[in-house]
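A.B. asks: If you want the building blocks of each chain, they are given just below.
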Amino acid sequence: MPTKKVSGEKSGTAAAGAAINFSDLASALTEAVLQAKHRLDEDGATLARQYKADPILRFIPPPSFAIGEVRVVLKFAIAQIRPESSVQRSRFKQLLVHVDTPTLRELAPHLVSELELRITPETRAAAGDDEAGTSE
Amino acid sequence: MALKPLTLEQLMGAPLRALIMGQGATAQATAEFVSEVGFERTKDGNSVVRQLEFEYTHPMPDPANPGGIIETPTKLRVPLLTLFSVPSISISEATVSFGANIVTARQAPAHNLSFSLERKEAGGISSPVQLIGVYAPVTSAAGQPAPTLNVSIKVTKEPTAEGLARILDILSDAITSVPKTRKE
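Residue numbers (this note's numbering), protein chains in the order written: chain A, 1 to 136; chain B, 1001 to 1184.
No wet-lab data here; the hints were simulated from the structure.
Just so you know, not all the hints are guaranteed correct.
What the hints assert, rightly or not - Think about it this way: if two alpha-carbon atoms lie no more than 20 Å apart in a straight line, the pair counts; the simulated EDC-like pairs of lysine to aspartate or glutamate are:
#1 B/Lys1154 to A/Asp41
#2 B/Lys1157 to A/Glu69
#3 B/Lys1157 to B/Glu1093
#4 A/Lys52 to B/Glu1032
#5 B/Lys1043 to B/Glu1055
#6 B/Lys1154 to A/Glu42
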């Protein structure tokens, strides 16, 4: 296990080298995909409005893309394993990892692992559809 | 020149945005072609279809002479747009691949969160976390370390919603031509 010290940052920012919770890492990756898709849709909507205003483009369907699959390969190094802080979850362990490049490059290669995530969007009905029920 | 560190969603979103903008630019080029080739302005400033007009002789059966043919002068008027293929490029599928080096991780801004969880861990960085990185070549040069993050995003064109497709079919059946009435 790498011997780099885990910093205890409690503010919103942290210097390079601070370890992060492995579960937070996974959520950060999926959050980034969601935000990227959101931005893609926003740009598509803006372009659709421009199409609508143009006398010729309004007859052409505006571009719209769907994200099929996102494959993320990330290098990381285990910093620390410790019990959960809460009493209810004390039997579970927290895995803290380093993902920043400056820290990983300081470590021996055999201490650096690789994680591959395949994120596939799932289409779900809007929550309002369940509440509306059937209409007459 | 040093690359500016960006959030992971910005790193992912920038090439995706380029796809949308690129598609829009090609559509704009198509619209300009249609406008310049297919239409023209009259002296009154009205926009009319640009047409190609020519005459030819068309053989017609002679009613007075069964089996006979009369060469009839005929005028043909053809919209110019129907003589050419309208250039149009559409992206049906794209794979965006890039490498990045994670510079640091920070707590995500509150307004950027799609969910919220209460965490009270001591040490490390409290979640949710936002990764900050810089673009790096997927294939590193000799002697250069490989990027710590590799991302591959497959993007496909969204199919037209079934309901909208049916509406478009119904509307296309309603295309008709009516004679222009003269205003007195």
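A.B. asks: Which hints, by number, does the structure contradict?
C.D. replies: The structure conflicts with hint 5 only, although it agrees with all the remaining ones.
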